[in-house]
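A.B. asks: Top to bottom, those sequences are chains A and B.
With my numbering as the guide, the letters of the first sequence map in order to residues 491 to 760.
With my numbering as the guide, the letters of the second sequence map in order to residues 868 to 1222.
Any given hint could turn out to be false.
[Unchecked claim] Cβ-to-Cβ under 7 angstroms is the rule here; a few derived chain A residues that face chain B: (1) A572; (2) N583; (3) R683; (4) W685.
[To be verified] Chain A regions said to be covered by chain B (calculated; three or more residues, Cβ under 8 angstroms): (5) 517-531; (6) 663-677; (7) 730-738.
No wet-lab data here; the hints were simulated from the structure.
Glycine included, C-beta positions come from ideal geometry on N, C-alpha and C.
Here's the letter readout for the chains.
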Amino acid sequence: MSNPADSLYNIRILDEFADKKSIIHDVHPLMKVLTTGAYLLVTVSFSNYELSGMLPLIFYPVIIMTLADIPMVPVFKRVLLALPLIIGIGLFNPLYDKSPMLVLPWITISGGWVSFFAILIKGFLTILAALILIATTGMTRIASALRTIRIPGVFIIQLLLTYRYIAVLVEEAGRMVRAYSLRSAGEKGIKFRDWGSLTGHLLIRSIERAQRVYRSMCCRGFTGEYHIGREKGIGIGDILYFAGWSLSFVIMRYFNIPEMIGWVMMGVRR
Amino acid sequence: MHMADALLSPAVGGTMWAVTAGVAAYSIKKVQNELDEQKIPLMGVVGAFVFAAQMINFTIPGTGSSGHLGGGMLLAILLGPYAGFLTMASVLVIQALFFADGGLLALGSNIFNLGFYTCFIAYPLIYKLIIRKGYSTGRIFAGSLLAAIVGLQLGAFSVVLETLFSGITELPFSTFVLLMQPIHLAIGLVEGLVTAAVVAFIWKARPEIIEKAALGEKLGGLPIKKVLAGLAIVAIITGGVFSWFASTYPDGLEWSMLNTSGKEELEAPDGIHQTLVSIQEKIAFLPDYSFKKVSTDAHEQKVSTDAPETEEAWPAVDAGTSVSGLIGGAMTLLLAAITGLIIRSIKKREKASAV
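Turn these sequences into a full structure, and let the hints steer you where they fit.
C.D. replies: Take a look at the structure:
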């Protein structure tokens, strides 16, 4: 998140995806939030050694992304950017856990590597699920989902305002940093001497902006409520969407489908 | 610093969600009580400011590297602990959704790690204590620097505990702590210096912003015991509920129980406990599945020569299972790709026929 232009682009591209129209976009936001939650819970409930069992979970993002017309490349790129931390912590497992786990005719793989890949896949799937949620729903509709479950208005207003003003303030910060770098002859970042004044000025500008925002909100009749339009009610289709996915997640959790396919392929019956 | 979903177990993630929801509900109540409508846009814009400030690269003197602002401590100083906590929460929600910085399941942990310690521990116990005697550049500098460092250290330690309790990493506790704390001491130092520099600057330029925020809430008014007791109850209940999602091999909690009491699970006494246990076993969504049942003789022999404490953790080492898992896994991925392609081609055909 170091480059202002990049991060603004990041927000805008996800907003654009959210503005598309598709069956998935039409599903009630609350049901999408709940489905995402169920997916995340089931995904992380797989233990570190159930590598094959969690593979069917990939069906969820594949189906949603194709139905919702979300291009793979930009989304995958964002997932990859978020993976290093997971790799960093997961990579210790092969060092500490060397007992044999996967015995194949030509190679034996240790438990540490299996758990490393399991963590990696879990990371990939969970990050993907969050990005898919925002890319098919958008911030405003997620806020209305939060309102449906009676999250207090103060929090929702403040969440939406933060979201709304990120673009404004990131641009402002970008201008200040650009001006600074043009006058500082080849310096890469902000010098220690200027940490306080540069950031402080940005903060004062932000606070003054907040006061202007508040005044103009008052002029338009702000009484502590932020109207984001009414979401259509939860229909039978929305409930089926949630129930259908939850059921398939549970099935994926209980049965190791890849292993079953494998046994069938090998002609072995257990 | 941001926890990822993949590093958490459902039990730990769920518990932290519940605890964070409790703190947030309490903060919302507090903010609503002192409702100064002007504070709402201020919270929003300052939250966006934290984002913007995170884009700025601060060059660390004497090194070639640069640091960033995290923001928790700054928010507490500018807005007070309650509004600061809520603002930090929404910053983290947006980071999780748009930047994949920490996942949605890990959101509870992240808000707690980055918001709770800074706003409710370091701010009242360190910053306010140092500022108590009145404002001066030196005190503001010392107070915000120290508070930011301590807040981040506590947060980092919390990350270690959450990861270990989730049973995801094989890293021993001591190694993990020795890895995390020094790194976050360095990060916290930069964070603290930036926070201190900003707060000191604002205090010189616009003293009322800093002083008003600190007056807004009474330090003595925080019934810390009640809050902690409430949190503990919530944590225990949800921890219990979410443990039904228990993973097969002993997780961190079970593991530490194994080490301290010699038993993997504490034995429940007769009577109502037994009934509850049997009910729980019946309705458990994901009981301890498969692994222990399928362990074969070959596996047991192999393991018994190895370290005995790993016995529970290992599933059957069996060539047949390995190969079938591999083949089936490849088939599954192939099927998923084909499904995607089929849906795409159907949609294309529909589009073509619509035109």
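A.B. asks: Within the segment 517-531 of chain A, is the number of residues with a Cβ closer than 8 angstroms to a Cβ of chain B three or more?
C.D. replies: Per the Cβ count (4), the hint holds.
A.B. asks: With a C-beta cutoff of 8 angstroms, work out whether three or more residues of the segment 730-738 of chain A approach chain B closely enough for the coverage to hold.
C.D. replies: That given contact is violated, which follows from only 0 residues of the segment 730-738 of chain A lying within Cβ reach (below 8 angstroms) of chain B.
A.B. asks: Using Cβ atoms only, decide whether R683/A comes closer than 7 angstroms to chain B, and label the hint accordingly.
C.D. replies: violated (9 angstroms)
A.B. asks: Go through the hint on N583/A and say holds or violated, using the shortest Cβ distance to chain B against 7 angstroms.
C.D. replies: holds (5 angstroms)
A.B. asks: Is the interface hint for A572/A satisfied, with its Cβ closer than 7 angstroms to some Cβ of chain B?
C.D. replies: holds (4 angstroms)
A.B. asks: Under 7 angstroms is the threshold here; is the Cβ of W685/A close enough to any Cβ of chain B for the hint to stand?
C.D. replies: holds (4 angstroms)
A.B. asks: Is the listed coverage of the segment 663-677 of chain A by chain B valid when you require three or more residues with a beta carbon under 8 angstroms from a beta carbon of that chain?
C.D. replies: Since three or more residues must qualify, the claim that chain B covers the segment 663-677 of chain A holds, with 4 doing so at under 8 angstroms.
Of the hints listed earlier, those the structure fails to meet are numbers 3 and 7, in rising order.
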